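Chains A and B supply the protein sequences, listed in that same order.
Just so we're aligned: the first sequence equals residues 1 to 166 in my numbering.
Just so we're aligned: the second sequence equals residues 1 to 396 in my numbering.
No wet-lab data here; the hints were simulated from the structure.
As the structure is a computational prediction, the values presented were derived from the model and not from experiment.
Among these hints, one or two may not hold up.
Below are the DSS-like pairs computed for lysine-lysine, each with C-alpha atoms no more than 27 Å apart in a straight line [to be verified]: (1) Lys-45/A to Lys-255/B; (2) Lys-33/A to Lys-145/A; (3) Lys-326/B to Lys-22/A.
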Amino acid sequence: MDNEAIAALVKTSFPEAIIDSKIFRNELTLAVKREYITEIAKFLKENKELDFNFLSDLCGVDRVETHGVFEVVYHLYSISQNHRVRLKVSIPSSNPTISTVTGVWSTANWHERETYDMFGITFDGHPDLRKILTPDDFQGHPLRKDYPVDGRQPATLREIYQRGEE
Amino acid sequence: MTAIPGTTTTHLMTINMGPQHPSTHGVLRLLLELDGEMIVKAVPHVGFLHRGVEKLAEYRTYHQCIPLTDRLDYVAPFSNNLAYAIAVEKLLGIEIPERAQHVRVLLCELTRISSHLLWLATHALDLGAMTVFFYCFRERETIYDIFEMVSGARMNLSYIRVGGVSRDLPGGFLEKTRQFVAEFPSRLNEYETLLTDNPIWKKRTVGVGVISAEDAIDFGLSGPSLRGSGVDWDIRKTEPYSGYDKYHFKVPLGKNGDVYDRYCVRIEEMRQSNSIVHQALNILPKGDFIARMPNVTLPTKEDVETKMEALIHHFKLIIDGICPPKGEVYASIEAPKGELGFYIVSDGSNHPYRLKIRPPSFVNLEALPKMVEGRLLPDVVATIGSLDIVLGEIDR
Chain A
1 MDNEAIAALV KTSFPEAIID SKIFRNELTL AVKREYITEI AKFLKENKEL DFNFLSDLCG
61 VDRVETHGVF EVVYHLYSIS QNHRVRLKVS IPSSNPTIST VTGVWSTANW HERETYDMFG
121 ITFDGHPDLR KILTPDDFQG HPLRKDYPVD GRQPATLREI YQRGEE
Chain B
1 MTAIPGTTTT HLMTINMGPQ HPSTHGVLRL LLELDGEMIV KAVPHVGFLH RGVEKLAEYR
61 TYHQCIPLTD RLDYVAPFSN NLAYAIAVEK LLGIEIPERA QHVRVLLCEL TRISSHLLWL
121 ATHALDLGAM TVFFYCFRER ETIYDIFEMV SGARMNLSYI RVGGVSRDLP GGFLEKTRQF
181 VAEFPSRLNE YETLLTDNPI WKKRTVGVGV ISAEDAIDFG LSGPSLRGSG VDWDIRKTEP
241 YSGYDKYHFK VPLGKNGDVY DRYCVRIEEM RQSNSIVHQA LNILPKGDFI ARMPNVTLPT
301 KEDVETKMEA LIHHFKLIID GICPPKGEVY ASIEAPKGEL GFYIVSDGSN HPYRLKIRPP
361 SFVNLEALPK MVEGRLLPDV VATIGSLDIV LGEIDR
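One chain only, chain B, in its complex shape:
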């Protein structure tokens, strides 16, 4: 404890929040220096979940890296798969079929909804609104059932492949998704009746964890955390990938950059994502779900069984993998948390020479001390919730 000069009774107190604390949303340790209940200094300590994903990737073929990406932001695996696949496709310089693009968009927007639902559920729970948690998990369950239909797994999906997706959409998928899309807006209204105009909710969130637009850019915030401060930047609009330019949607913006504005932005984003899924269902074209390129994607099962060349390609791809040209690319997408980028350096061999992941949560968390210093202890909980961090991608 350090004494404050000029006073005799007050001391600064240092406390540990986490790494085992439910409201830090994982294994985040915050070292807080408190003057009473006011935060004088906050120092985040991360790395408890470090698994060396970037190192592991250097020893795997390009396809073998896909399961590693699932485990970054484990509540939005499709987005991670997509960002990685787009980076490798850019490196290879290949185009993917129309249908695969739409399937990717469709699933990524469902992922965004499910990620935001988890955020809303836990954020509200942290601030004492328990009912919202149960409602959100009901809808999230439906989305996870859809994911299970598509990929066979509920969490670590690894459905997207370099060149497309691993298989076509299963029967019954369209009906189930259509049903979800039709119901979801009314569910969203239900959540809003519980929170948006609730005076307790507003007292906990309005004017809390404020960050100005200039500071937000300076600290590299991205995604809803940046747009809450009123900066209009969405990679889906500015650098459209996977055919996002064919969809009509709005980018919701906040004004004050506080917890409440970030809440409003994410709620509206769920509505927009729902509309994108709806559009994707309507314009989903027929065709191949993966590019047919013998040196990049696996041949069909029938071809392997009947054609000699297909069998050889299959064998070579499994044993050797893809060998992209020498060079380096950086590709980023608008993940639910912000700009998720992959920087790949290729030396022409079958595994990445260097794979750098730019995780949005890592960068967003860096701004936390800026938002909470000088504020009260309970505001830390609200602010962490509003940044929507996932420690899996922070620590990698």
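Just chain A, with the same shape it has in the complex:
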């Protein structure tokens, strides 16, 4: 299916959930309301014509400074139909929570853990929401724009070693 047909099908099935649809560089982006994400994910996977059985990627984007929101971005692909779609959900930075899609695609598990680690976005219903890339005692969420690029942790390993040597 081409991008227009996908957009039309999803819009007619969920007229109240799709806020916006955009095509840039031949890539379709659908902006979805936060409450509907699990429902839409299920629909996209189970609908035979769409058949989005493969979750390529899931990540966060920090837009707090300009829009006061975090975005959670889903890249879906259909192996049988060979088409792609991008879903975007805006969630307020004051309450960065969204439902998990691990029930739809198992691969979302680690992607959501990474997004939680990097942005502090929590995923409701996630079976095992732990940090994944940063150490357990790491403070803050490094991919947030307010985290400095040369950010130092309170006690780095080096400082701990140096203290031990003195």
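We have chain A; now place chain B onto it with these hints.
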């Protein structure tokens, strides 16, 4: 230790495999709960190599991000460069010259061979077949010599640029590559005589680390790890980039989704890649190796020395960099390990607002517990080897 109800003698034992363990292929830590030698639960811990590549990229111009990509999957740097360059080119909406496309394909397929050789070498070494290791490194050395001729470096190449490649192929390159391409199939047969029908090799790999096609898709596996389960999906075929549609090659598939099938798929992929390199050498057209666009690519040295505008463009590009339009793109390629994707969000400035890397190894590793739970401890080593993970791109 936790006691199993109903028994008095058996206890579950928790052991750490890694992060300093040769068969985890890097700094991967596996927390294994064992009942005797059987694995009850496996929990991978990653992140020991986290360098914050995605954060660093937000503070660099688009060209300055290229060296960062080398250090993701450091055994296949060309593929990383290419995936990034394709994403930026898509964002800019530019076409690149024919010759550059073919050079990219040629080098990426050589990279695939060298990456698969490293996989075969270490995978066989893990399972006790040491000879294969030496043979594979002999051929890999030749490929690295070719890379050195092309880019001046052996490992972190940074040869591909947005808009093309950094310079034309050097003299002597074609002859050396032709020689390699002619010899390689017979070398591959040599490896196969050591492994493919070897009963010990088969005992260690057949029926081990099995994952069904449905589970493989559900867990987001890609590349040879997915095709080992019989799913016919290769981005070079379904969404051809860099002119892959001009080449004839087959996509090898497995049936059972075990370690042996993934082994067979990668061996056959090396043959196909060799044939692609051969085709690329034959149809390599003459022409520019980089698009000539003043606001994207650097002008030639002669122009900088003789023309005022070229000098200004050169200065502006070095100081300010490229400024793509506002928007977002996701571009992915078939890297040696699977789908390598770059998601770039641009706010119209000279550095990415957000750069997300979709590393194939990260996603493939997630399926490891599914493959090893209920199996024996030595099967973990075989399964990790067959997933062909590189921790550089898992941890980023």
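message: Hinted pair, alpha-carbon criterion (27 Å max): Lys-326/B, Lys-22/A. Please report holds or violated.
response: 13 Å, holds
query: Taking only the CA atoms, is the gap from Lys-45/A to Lys-255/B under or equal to 27 Å?
result: The hint holds at about 24 Å.
task: Assess, step by step, whether the Cα of Lys-33/A is no farther than 27 Å from the Cα of Lys-145/A, and give holds or violated.
output: Holds. Lys-33/A to Lys-145/A sits at ~24 Å (cutoff 27 Å).
In summary, this structure violates none of the numbered hints.
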